[in-house]
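Number of protein chains: 2
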Amino acid sequence: MKARVHVMLKNGVLDPQGEAVRHALGAMGFDKVEGVRQGKVIDLELSDDATEADVRDMCEKLLANTVIESYEIELA
Amino acid sequence: MKARVHVMLKNGVLDPQGEAVRHALGAMGFDKVEGVRQGKVIDLELSDDATEADVRDMCEKLLANTVIESYEIELA
Numbered sequence: 001m002k003a004r005v006h007v008m009l010k011n012g013v014l015d016p017q018g019e020a021v022r023h024a025l026g027a028m029g030f031d032k033v034e035g036v037r038q039g040k041v042i043d044l045e046l047s048d049d050a051t052e053a054d055v056r057d058m059c060e061k062l063l064a065n066t067v068i069e070s071y072e073i074e075l076a
Numbered sequence: 001m002k003a004r005v006h007v008m009l010k011n012g013v014l015d016p017q018g019e020a021v022r023h024a025l026g027a028m029g030f031d032k033v034e035g036v037r038q039g040k041v042i043d044l045e046l047s048d049d050a051t052e053a054d055v056r057d058m059c060e061k062l063l064a065n066t067v068i069e070s071y072e073i074e075l076a
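Chains as they are written, first to last, in the numbering used here: chain P, 1 to 76; chain V, 1 to 76.
Think of the hints as simulated: they come from the structure by calculation, not from any bench.
Just to be clear, a hint being listed does not mean it is correct.
Note that identical chains are pooled: a pair holds if it fits in a single copy or bridges any two copies.
Straight-line alpha carbon distances no greater than 27 angstroms define the calculated DSS-like cross-link-like pairs of lysine-lysine that follow [to be verified]:
#: 1; residue 1: 10; residue 2: 40
#: 2; residue 1: 2; residue 2: 32
#: 3; residue 1: 2; residue 2: 40
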């Protein structure tokens with residue numbers, strides 16, 4: 001079983017990495033860019049008896065800092 | 001217009017971040033995890049006249065190091 005987890009900074013939390021990318025794109029002439037947010041994507045290869053609840057548990061305990069980050073889980 | 005870009009290390013390229021996460025999850029008792037790959041997700045807010053070709057150009061020139069990384073573009 002595979003799971004993909006997206007971890008993004010919550011709205012309102014300053015994202016210096018995203019801002020750096022936005023500035024760099026602007027400096028390179030990409031003037032259609034209005035905003036950039038950068039986050040992490042974590043692809044998990046799991047044994048077949050794993051459940052979404054297991055993945056949620058991993059997110060809460062390790063993968064995301066839920067004070068400032070939100071996460072989304074996609075199972076495949 | 002919004003675009004989401006995933007940038008992952010290519011298969012075969014060592015992913016120390018992913019390995020670190022795998023070890024940490026194992027040490028925490030998550031024994032159903034068989035493999036972890038970690039990458040970046042970049043959410044772009046673009047003006048409405050931007051096209052997928054613009055985003056591809058950004059990936060090739062800045063967002064991904066195409067020697068070792070692959071990227072996927074999703075438009076929303």
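Structure-based check of all given hints:
1. 10 x 40: This pair counts as both: shortest intra-copy Cα distance 13 angstroms, inter-copy 16 angstroms.
2. 2 x 32: between (35 angstroms within a copy, 11 angstroms between copies)
3. 2 x 40: Result: close both inside a copy and across copies, 17 angstroms intra and 18 angstroms inter.
The structure is consistent with each of the numbered hints, conforming to all of them.
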